[in-house]
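So the sequence lines, in the order shown, correspond to chains P and Y. Numbering that gives the first Met the number 0 puts the first residue of the first sequence at 0, with every later residue one more than the last. Numbering that gives the first Met the number 0 puts the first residue of the second sequence at 0, with every later residue one more than the last.
Hints are not guaranteed to be accurate.
Unchecked claim - Pairs of lysine to aspartate or glutamate residues, derived as EDC-like cross-links and limited to a Cα-Cα distance of at most 16 Å, are as follows:
1. P/K117 x Y/E95
2. P/K52 x Y/D135
3. Y/K183 x P/E172
4. P/K52 x P/E32
5. Y/K117 x Y/D147
6. P/K107 x Y/D147
7. Y/K116 x Y/D87
8. Y/K184 x P/E32
9. P/K117 x Y/D147
10. Y/K181 x P/E39
11. P/K117 x Y/D135
12. Y/K184 x P/E39
13. Y/K70 x P/E102
14. P/K107 x Y/D36
15. Y/K183 x P/E39
16. Y/K183 x P/E102
17. P/K107 x Y/E146
Said to hold, decoys possible - If you want the footprint, here are the derived chain P segments under chain Y, 3+ residues with CB under 8 Å:
18. 57 to 66
19. 177 to 186
20. 258 to 267
Everything labelled a hint here was simulated from the structure, so no lab data went into it. A virtual CB, placed ideally from N, CA and C, is assigned to each residue, including glycine.
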Amino acid sequence: MRKLHVKEITQAVKEMCISANYNLGKDVIDAFEKAKENEESPVGKEIIENLIKNAQIARYNQMPMCQDTGMAVLFVELGQEVQLLDGNITDAINEGVRQGYSEGYLRKSVVSDPLIRKNTGDNTPAIIYYDIVPGDKVKITIAPKGFGSENMSKTKMLKPSDGIKGVEDFVVEVVSQAGPNPCPPIVVGVGIGGTLDKAANMAKKALIRPIGEHNELQHINEMEKRLLERINNLGIGPQGLGGITTALAVNIEVFATHIAGLPVAVNINCHASRHEERII
Amino acid sequence: MSKNIKRITTPLTEEKVKSLRAGDTVYISGVIFTGRDAAHQRLIDSLKKGDKLPFDIKDQIIYYVGPAPAKPGQAIGSAGPTTSYRMDELTVPLLELGLNGMIGKGSRSKKVIEGMKKYGAIYFAAIGGAGALIADSIKKAEIIAYEDLGPEAIRKLEVMDFPVIVVIDSEGNNLYETERQKYKK
């Protein structure tokens, strides 16, 4: 067994919260550059230029690119040969979020109870998903998730007979109805299969896949391309002010499902598509 | 956006409202006020109870934003717009009291647009997610009400050439609808 102090996890989470909010990933910047060349709308082009400029200012000044520094969503792959010492991992992660959001001057956007709605003041608790995997490493991926786009996400339990067309029509409908609200150009995460919760989890996980990487399954890879084209034909454009850049990517994950079902979840991310991973 | 830039200084009087058209790029200077979900709820609750609002909203602009904290030496942290539709049900009573401008992002309800036409108001969009860029045009920020709401407290901002686009004007022309049609394939 490899021994690992949870303090190391706290430190990593703290640094990643700050870094993910200050430094937009190269995958997104590259997608902006490409979209800027292709965009037909002059207003749309100018908005994309401003988004590039915004990312540069945030990186240079070491400040958040967007004021909505999100709810901290973490995917943790815990190697089964790791023994964690000096505390429990969930507390250690939340402590990292607490320190990161405070020391990084990030906005505290979490309320303790969805109905009473009192701000917790430190952006905890985080949303944490654990997977136990082979090996003696811990892989942590953080995705600070803004809610302008989260609010535009949807899940639907389709019938098996709805098939590929039913799935694609639903995804396009969700994006079309969202219109200008989720800060386009967006990244669309789609989960197909599993159960209600599994589909939603896959849709979220799809959002941490770097832009430009596609699903390895041929039929899903083709669906990603078809959907991207249909979405960019909606005309919504950057910030909803018209154009051909409504989405930068469509990322789909799939899983086995029941003979009676075809669950589909669509999780939308704004252009501040933040994700950072680290292996400890 | 770069074509014809109109510069306006607050307060946003009726005359200025009438001069703005959907599609105009506008640089706003002067004082504007922040307010989002929780602050709007309190404003409306105050009105229902017959209490005075914490600031005179006649001819003013409310910016839907919950800024990130300022680092030492900064006036404000990242400060881009939040999605406006969540304020839709809490907007018309403010328009009735003379609120003449709102800055946010995303669609508005029919009810809000009717209210804007009736009372004469403008809906501006700032670039969502460009919070670091926008913060450059905010020179001063001061909490004037509901401090306990943290990022949602009402702040008085002094802005200089704050960049926005008129999305819905006082006649109800709506850029989100007209522009999307042009690029639909």
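Now for the hints, and whether the structure bears them out:
1. P/K117 x Y/E95: Measuring from Cα to Cα gives roughly 30 Å; hence the hint is violated.
2. P/K52 x Y/D135: Given pair P/K52, Y/D135 holds - Cα atoms ~12 Å apart, limit 16 Å.
3. Y/K183 x P/E172: The hint holds at about 14 Å.
4. P/K52 x P/E32: holds, 11 Å
5. Y/K117 x Y/D147: violated, 34 Å
6. P/K107 x Y/D147: Given that 16 Å is the threshold and the Cα spacing comes to 13 Å, the pair holds.
7. Y/K116 x Y/D87: Distance of about 15 Å is within 16 Å: holds.
8. Y/K184 x P/E32: violated, 23 Å
9. P/K117 x Y/D147: holds, 10 Å
10. Y/K181 x P/E39: holds, 11 Å
11. P/K117 x Y/D135: Not OK: P/K117 and Y/D135 at ~30 Å, beyond 16 Å, violated.
12. Y/K184 x P/E39: Given pair Y/K184, P/E39 holds - Cα atoms ~12 Å apart, limit 16 Å.
13. Y/K70 x P/E102: Holds, because 10 Å separates the two Cα atoms, which is no more than 16 Å.
14. P/K107 x Y/D36: holds, 15 Å
15. Y/K183 x P/E39: holds, 12 Å
16. Y/K183 x P/E102: Judged against 16 Å, a Cα distance of about 45 Å means the pair is violated.
17. P/K107 x Y/E146: holds, 14 Å
18. 57 to 66: holds (count 7)
19. 177 to 186: holds (count 5)
20. 258 to 267: violated (count 0)
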